[in-house]
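**Q** Take the sequences, apply the hints, and build the full model.
Number of protein chains: 2
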Amino acid sequence: MSEITKVILDAMGGDHSPGEMVLGAVNAVKEKEDLFIYIVGKENAITEALSQYTYPKEQIEIVPANDEITCHDAPVVAIKQKKESSMVVGLRMLKEGKADGFISAGNSGALLVGGQVIVGRMKGIERAPLAPIVPTINGVCLLIDCGANVDARASHLVQFAKMGSIYMEHVVGVKNPRVGLVNIGAEEEKGNALVKETFPLLKECHDINFIGSLEARDFPYGAADVAVTEAFVGNVMLKTTEGLASALIKKVKEGMTATPISTIGAAIVKPQLKKTLKTFDATEHGGAPLLGLNHLVVKIHGNATNKEVKNAIFQVETFKKQDINAKIREHLVENAE
Amino acid sequence: MSEITKVILDAMGGDHSPGEMVLGAVNAVKEKEDLFIYIVGKENAITEALSQYTYPKEQIEIVPANDEITCHDAPVVAIKQKKESSMVVGLRMLKEGKADGFISAGNSGALLVGGQVIVGRMKGIERAPLAPIVPTINGVCLLIDCGANVDARASHLVQFAKMGSIYMEHVVGVKNPRVGLVNIGAEEEKGNALVKETFPLLKECHDINFIGSLEARDFPYGAADVAVTEAFVGNVMLKTTEGLASALIKKVKEGMTATPISTIGAAIVKPQLKKTLKTFDATEHGGAPLLGLNHLVVKIHGNATNKEVKNAIFQVETFKKQDINAKIREHLVENAE
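Going line by line, the protein sequences match chains C and R.
Heads up: the first sequence at position 324 corresponds to 324 in my numbering, and the numbers run straight through without jumps.
Heads up: the second sequence at position 110 corresponds to 110 in my numbering, and the numbers run straight through without jumps.
FYI, nobody ran anything at the bench for these hints, they're computed from the structure.
None of the hints are false.
Straight-line distance between alpha carbons at most 27 Å, and here's what the computed DSSO-like set of lysine-lysine pairs gives:
#	chain 1	residue 1	chain 2	residue 2
1	C	K42	C	K95
2	R	K6	R	K42
3	R	K190	C	K80
4	R	K251	C	K251
5	R	K320	R	K32
6	R	K307	R	K250
7	C	K175	R	K251
8	C	K307	C	K250
9	R	K270	C	K253
10	R	K274	C	K274
11	R	K251	C	K253
Some chain C residues flagged as far from chain R (calculated, every beta-carbon gap over 10 Å):
#	residue
12	E61
13	D67
14	Q116
15	E126
16	A326
Where chain R lies over chain C, by a calculated footprint (3+ residues, C-beta under 8 Å):
#	segment
17	178 to 192
18	206 to 217
19	230 to 236
20	247 to 253
21	270 to 280
The C-beta atom is built at its ideal place from N, Cα and C for all residues, glycine as well.
**A** Given below as structure tokens:
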């Protein structure tokens with residue numbers, strides 16, 4: 001039998017917590033027997049949610065935590081003061097090595113702070129980037145960094161490129177991933193001061209497949225497998241993508257159902273359209289890893305449903321089996337020393 | 001009779017030059033008699049294109065220019081050396097006050113450089129931002145700056161906010177436009193160093209309707225009328241929006257025509273869908289003004305068709321009639337001195 005992967009799941013903090021969190025865990029353990037999941041949060045609510053399902057009981061354990069970090073909490077204060085919150089309890093367990101990864105749909109800022117402060121960065125890693133998988137027209141792209149590390153330096157971006165490349169290759173399974181530097185033009189001399197400083201450094205990295213500048217226009221067309229940028233720009237790209245995709249799909253639906261006749265057409269078109277647009281569904285790929293920490297922390301969407309939770313659990317399993325942190329250490333840290 | 005608006009149109013440099021440029025000019029003068037258009041470029045090609053149409057001949061004049069700046073030219077070198085290019089000839093005419101505005105579909109970088117170097121910034125204006133109108137789900141938003149002014153300072157962003165507000169109110173016709181600062185969170189303490197420095201300065205501007213941080217996720221939903229940001233971020237937002245919109249619409253079409261049955265549904269749905277998505281069509285609003293120069297320079301898309309050209313010509317007319325530069329001088333420059 002293969003080695004057990006242990007996952008800590010924050011049951012609280014999401015829009016559909018704890019219901020969808022619990023269901024995601026149940027579906028995961030029903031599908032794979034080499035998983036063990038700690039569900040952290042309010043005991044009664046979790047017990048009640050679990051009682052609705054039949055599942056292998058020996059694979060799930062409830063860890064009580066009476067407090068909760070909400071989306072209204074200030075990140076640094078919350079991590080410091082809410083010691084009994086599900087997020088802090090879960091992150092502490094992770095730090096103590098009780099599991100291979102921690103998954104949360106809660107307050108993003110608090111999770112980023114908690115990851116750095118409680119779990120801690122790997123020795124030699126300067127910043128821990130948040131790296132969501134963003135759907136493109138023909139696949140996915142890892143957008144690194146979308147986290148809280150604003151005002152990054154060139155050396156940080158180089159580390160992001162290497163970590164992102166390792167993750168895409170070994171967790172997502174893209175061979176020799178194309179790494180692009182987000183820029184406002186294709187030429188090497190284009191860009192702001194940070195990009196101009198980073199470009200030649202990436203050119204010198206022989207352990208990644210650097211393809212040069214990536215124009216934002218080509219990003220949705222899948223022009224790169226890893227898009228490297230500092231967090232402010234990455235966050236704006238991610239949020240523009242999410243906002244526009246939902247706005248446009250809303251608009252398409254409105255247009256299709258504007259008249260009784262078009263509504264008939266819409267009904268005919270719907271199954272195929274849904275199938276095609278499914279490839280634009282980020283939840284298929286689990287959550288966004290916070291890379292470069294001593295242990296894996298995964299941020300899932302605030303409105304995550306059980307499918308995203310289950311995929312994030314499987315993502316922790318792949319991360320562990322591929323021993324990503326050992327690979328990061330080998331390519332980044334030993335080189336750096 | 002009202003005063004004549006004079007427009008200089010660069011016939012070269014676009015994907016459909018000079019054909020669509022010429023047709024745009026022809027349609028504009030057929031619609032409005034208080035317009036006069038100089039079409040600058042290769043004389044034979046323009047004459048031939050014009051010969052296909054009937055139009056009031058006294059409203060269009062060809063200005064010969066034998067050279068052309070292409071998309072492959074390096075901006076600064078091109079502006080310096082290609083003195084007989086349509087772009088340089090046109091910008092020089094504008095500088096000499098021969099017209100109210102210059103429109104080009106050519107090399108963006110060269111146009112930005114030429115605008116600053118040949119036409120020149122208004123006294124007191126620190127940077128000249130490029131401010132495209134971006135469609136949103138229920139209207140449009142002016143995204144300022146998307147130009148070449150990377151690594152901007154807070155004082156630049158304050159000027160962008162004021163110029164953008166004046167433009168939206170008096171050219172686009174949005175009353176008391178809501179001005180948002182592009183940010184990665186809603187709170188005042190969020191953001192990078194530039195945003196944190198700019199936020200309190202904008203709060204103190206009593207001549208604009210500052211609504212605080214604008215999250216990129218809300219931008220496609222029309223949460224602001226003017227989105228203020230530095231050029232690198234603005235360019236990434238603009239290009240992500242353009243790229244994703246075209247990618248998604250391509251995907252929707254693919255989905256709708258994937259099977260014979262869905263293709264029938266697609267045919268039924270198409271007229272309404274087209275109508276709805278038309279509101280997402282940027283060409284309805286002319287081009288992107290380069291603000292803060294001594295005279296108006298307008299950048300239209302490289303693949304602009306006659307409709308965009310015509311709308312850009314009308315945009316120059318509104319800019320002139322509303323005396324935007326006098327308003328900018330009044331609100332920005334006199335306050336600054």
